[in-house]
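One letter stands for each residue in the lines below.
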Amino acid sequence: MSLLELENLRTFLENNGNIVRAVDGVSFSVEKGETFALLGESGCGKSMTSLSVMRLLPDAGRIVDGDIFFQGSSLLSLPEKGMRDIRGKKIGIIFQEPGLSLNPVLRVRDQIGEVLDRHAHLDREARNKRIVELLDQVGIPDPELRAEDYPFQFSGGMKQRVMIAMALAAEPDVLIADEPTTALDVTIQAQILELLRSLQKKLGMAILLITHDLGVVSEMASRVAVMYAGEIVETASRDAFFARPAHPYSRKLFASLPGREKRGEMLDMIRGVVPPLSREFSGCRFAERCDHAFDLCREVSPIWHDSGGSLVRCHLYADGRPGPVEERKVVAEPVPRPDMPGEILLSVRDLSVHFPIRKGLFKRVAGHVAAVDGVSFSIAEGKTLALVGESGCGKTTLGKAILQLLAPTSGSVNYDGKEITGLGRRSLKKARQGLQIIFQDPYASLNPRMRIREIMEEGMQGMGAGDRNAHILELLEEVGLSEDAQYRYPHEFSGGQRQRIAIARALAVNPRLIVCDEPTSALDVSVQAQILNLLKRLQADHGLSFLFITHNISVVEYLAHEVAVMYLGRIVEKGRAEDVLTAPAHPYTQALLAAVPSIAGRTPRAMARFDLPSPADPPAGCHYHLRCPHSMPQCETRYPEPTRLGESHEVRCHLYGNDTAGTGD
Amino acid sequence: MVVILWTDGLVFLLSGLILAFAVYASRRPHLSLPWRRVGQSRSGMISAVILICFVSIGLLDSFHFRPQIAIDKGKPIYSVEVLSAFDFLVETMRNHTERTYSSPFSAYAFSRETVASDGVQSRIYPRLRYGGADLADPGRERIPDILKRSLVAALEGIGVWALLAAILVFRHSGGKSFPDAASSIFRGETEIPWNAMLGTLLAIFLIAFPAFALSSHYHVFGTDKVGQDVFYLALKSIRTGLVIGTLTTLVMLPFAIFLGIMAGYLGGWLDDVIQYLYTMLNSIPAVLLIAASVLMMQVYIDAHPALFETMAERADLRLLFLCMILGMTSWTGLCRLLRGEALKLREMEYILAAQAFGVSRLRIVTRHILPNVMHIVLISVVMEFSSLVLAEAVLSYVGVGVDPSMISFGTMINSARLEMAREPMVWWPLAAAFVFMFAMVLSANLFADAVRDAFDPRTRVASRRIPPVKDEA
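Chain order of the listed sequences is A and B. Here the first sequence is numbered in numbering that gives the first Met the number 0, starting from 0 and rising by one per residue. Here the second sequence is numbered in numbering that gives the first Met the number 0, starting from 0 and rising by one per residue.
Chain A on its own, in the form it takes in the complex (with noise of 0.2 Å):
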C-alpha cells in the first residue's frame, strides 16, 4: 500500500465560462521515506495536482473524477472536518513565496502553535519547547529569542525556514514542496534543499517536490513524473531519467538548458508554447511541438508503454520499439561570434548609488543605503558582460543608473567616449539612442493600454512616417513575430511573445548597448532558450553589446565572455567568463557556482552560510566575512583591494593581496 495515491485525478477550473482541465487524467504514488518530483513547465497544473491532494483548490476549481488515498482511505470521501485533521497532522505543504505563506500581524511562535494546538494538544510548557525544537531543527540561530520575532523580521531564506517547521510541527507522512526554492536565491536554495535532505532522513517522511527546476529534481528526488499540458507524459527513478529522458519532451527539456558545454552553438528548443488547457485535445498533447510527431499522434492520445527504464506515454514505444532516434545535429548551428577586440563602448568609473534614509518627522536623512558603491568595469563592442550576484546586490539598480533611469550619487559612465552623467534631458536624449534596456517581467514591461505598434513607434519619433512602417516590419520579423501583431495589444500575448516584443521595442532606436535585467527569469526553460538564442543571433547580426544582469549561472555560461560577480553594491571579482567560471578566486564566487543545482546530481560543496546582509548596514571590513569560511582577521577591518590574477581577471579578496600568502582555495 502506497502512502499518498493519485487515482486518474481530473480537477477542472472554471473560467468565465470556459472549462480549464488543469489536472487531466493524473496518477502517481509516493512512498514511505522518498522523494517524488513532479516536473514540468508552468501551466501544466502541477500546483493544481498539489491543492487537490490538500483539497485547497480555490472556487472555481473542483475534482470531477478519480480519487486521491492516503494509506489506503480516500481523501475525497472524508468530510472537511475529517479532512482538517490530515491537513498538516498528515500531510503537510510549504509553498513558493514565504513571504505571503506567513501572517504578517502573529509572532512566529504563535504561528507554528496555531499547528500545535490543532493537531498535537501539548501543555503550556512542552508547546514551547516544541516550538524552540522546531526552529533549532530548521537551522534557525537563536531559537528562543527569534520565536518571539515577527515575520518581517526574518529574510526570505529564514521564512521559509519558519514555514518548513510550520509544515513539520505535527510531524507529518508527506510533505509537498510546491516550488519551495523558486523565490530564493542559488545560495539560499542550496541551505533549503540541504535542510530538508537532512530532515527527511531524520524524520523518514515523504517529500513530494514539485518543481520546473531540472537541477532541483536531480539533487533531490528519487523518482520523477515529467507533467505536460495536464498529464504526466513520463515516469522513472531518478538515475534512469536523467541517464536517459524517455519523452521527446523531457529530451527537449534537457536540450533547452543553457550551459557550459553548449556556448557557441544555438539551443534546443522546444517549439511554440504549452497550449492553454481550456482546448479540447486529440492525440498526444505534446504533438504539435515534437520533432517526431506522425500521423498517429495527431489522432489518438498514446498509452504507456515501458521504454526499458521508465514508463512513457508516447507512440515512439509502443511494441518495443525503441523511441525516437534523435538526429543529432552532427555540426550545431555555429554563432559567428565576432572575436576582435571591440572597442571599449561603455566604461563605467567608480559608479555609486545611495539612497537615503530618511527618519522622523522632516524626513531627516539617517544614513545611506549604498545600493551601488564605486563599481568599475568596461563593456566591448559585440561584448556581453553578465553581472552576477544574488538579489539585492544592486545589480538591477546598477542597470538603471547606467541608463541615467536613476541619478547616480557619483562616478562616471563613460558612452561612446562621452560622458553621460549629469546630462540635461534633451543631451541626454540623443545618448539614449544608443543604450536600451529590456525588463524582467514581461507583464510589467508593455503598457496594457497600447498596440504593439504605438509601443514600437514610442522611441522612434525622429523618423518619418514611411521608414517608421517598413522598420516596424523588419524588427517584428527579427524577433520572429507576424506581421498582424502590430495592431494587436500586449495581453493577447504570451510571456515569451512579450518578451520578444520588449526586445524589438528595445531594437527599434538601433542600440548599441542593451541592458537585459534578467530577462528569462519569469519564462520557461524551453521558451527561454528560444529568448537566449534570439539575443545570440541579433549580438552576431548587428555586433550589439549586451549587459546582461541575471541570477541564473547557467545562462551567464551559455552566453557571457567577461563575467563580474557583485556582492553587496560592489563588484568582487571580474574576469573572462572562462576564467572567472572555471578558477573562481573570490569565495563568494566559489559558494555561488557551487550552490547551482547541476542535472549530474548531488556533489559535496562548499556553501555560503548564512543569508546576505542587510546593505543599509554592511558589515565592516570585507562585506563577505561573516559568510566566508576563509575569513581571517584582516578581513574584519579592512576593505581588500582589487588584485590581478591573470590578463584581465581581477578580485578583491585578502587571500590574494600582496600582504598574505594566497592560496587561491
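These aren't lab readings, by the way, just hints derived from the structure by calculation. There are no misleading hints in this set.
Straight-line distance between alpha carbons at most 16 Å, and here's what the computed EDC-like set of lysine to aspartate or glutamate pairs gives:
#, chain 1, residue 1, chain 2, residue 2
1, B, K224, B, E418
2, A, K362, B, D270
3, A, K362, B, D271
What follows is a list of derived Cβ distance ranges for each label pair:
#, chain 1, residue 1, chain 2, residue 2, range
4, A, D141, B, N444, 54 to 64 Å
5, A, R106, B, R186, 49 to 59 Å
6, A, Y486, B, L162, 37 to 47 Å
7, A, R637, B, E346, 34 to 44 Å
8, A, P275, B, E155, 50 to 60 Å
9, A, N468, B, P66, 51 to 61 Å
10, B, E346, A, T181, 17 to 27 Å
11, B, L265, A, Q432, 19 to 29 Å
12, B, D301, A, Y486, 53 to 63 Å
13, B, V393, A, S481, 51 to 61 Å
14, B, V393, A, G81, 50 to 60 Å
15, B, L265, A, P355, 11 to 21 Å
Computed, partial: chain A to chain B, Cβ under 10 Å:
#, residue
16, K399
17, Q403
18, K428
19, A430
20, R431
21, Q435
22, F438
23, A443
24, S444
25, L445
26, N446
27, P489
Computed from a predicted model, the values in this text were never measured in an experiment. Glycine included, every Cβ here is placed at the ideal spot set by N, Cα and C.
With chain A fixed as given, assemble chain B onto it according to the hints.
The following block gives chain B in isolation, referenced to the frame of chain A:
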C-alpha cells in the same frame, strides 16, 4: 428665441464628450471590453434603463427658449419666462395651478374655504380649477374615471412597448426566424440581458403612460402650497439633480487628475505641497466652505441685477457656481487615489522603458499614466454621482443650495418640511421628492456597482460556486 444657459451648454458639452468617447472606445477592444461586461450585468442594465429615462427627461429639460408673445413694429417681443422643451411637452401640467394644497387625485381643495354662492356664505371644500374639473359628481365618478383613463393609457403603453420589442427582436434575428429570435431574447439566452431590460421598460411604461395621461385631468401627486402640480415639480427636479451630479465631476476631474498624477509621478516637494493642500481641504467642514462661498456669490448676484436678463439666468448661474464649489471640495478623495496609483505606475517597467527612449514627461503622463488610471476615474465618477445628488438636497434644505426659485429635490423638501407638522398632514410633496430621488440614486448606485465590477480586476471572481467535492461515501 433659443436661450442657452451656462449649465445647458456644459450639459451638451458633456453629452458630446461621452458620445465621442463611446465612438472612440467602440473601435478599441481594450476600452470596449469592460463596457461589454457592464452590458452583461443584469442589475447594471436594469438600472441603466431607468437612468436613461431620467437622463432623457433631464436633456429635454435643457433645451431652453423664450416664447414669443407679441410682435411690436416688426420686432418680436419675447416673454421674460424661460421655458424648456420639456415644459412645452407637459404644458397642461405646468399651467394647471390651483390656489393652494390639494391631495393626489383629488377634485376638491385640501382645506375649507368660505365661498359665497347665491348670497349665502358657506365653508366648504371648494372644487379644484383643474383637478377632476370635468366630473359632474366627483364622489361617484372619480374612481371609475381614473381607472378608465389609466387602463387606456396602460394599453397604449403596452402597444408602444410591443412595437419597441418587435423592433429589437427583428434587429437581433440575424438569420433566425422571428419566433426563434423572440424566444431566445425572452428566455435570456442573449449576451446582453435584453429580457430584463424589456421587462424594466414595460414596468416603466405601465407607470409612466397612465401617470402622464392622468396628469392632464388630475394632480397625480397633488399640488403644493402655491397650487403648483407636485408631479411637475418632481420631474423638473430631475434636471437639477443630474446637472449637479455630472457637472460637479466635470469641475472636479481636472483638479483631481492633474494634481493627483503630478503628485504621484513627479514626487518631491510638489508631492508634499499637493498632499498638504488636500489634507488641509479635507479638514475643513465642506458645508462651512460651501455656505460661505454660496452666500458670497449671492451677494454678488444681488448687487449686479443688470447682468441677468431673466430669473432663470440668475438661478442658473447660482447652480453653476454651486457645482463649482462642490467640485472644489470633493476632488480630494479621487486625487488621493490617483496619487497612489501614479506612484505605483511610476515604477512600472514600461514607464522606465519610455524614459529610456527619452520620451518627455508630458508624453509619459498622457500616453502611459493617464490611460492606465482612467478606470479609477470612471469608477469614482459614477460612484460620486449619487452622493452629489443627495448633497444638493441637503444643501438646498439648509438654504445654501440652489436658488429658491429653481425647482430641485432640495427646495421641494425644504418647502414641504413645515407641512409635515400640519394636521391633517400634507405628505405628498415630500413623498414625491423622496420617490423620484430614491429611484434615481438607487439606479445610479446599482449602475455604479456594475461599472465597478466590470472595471475593477480584483472584484472579478468565479462565475458561480462549484458544488462540494464529492458526496460522502
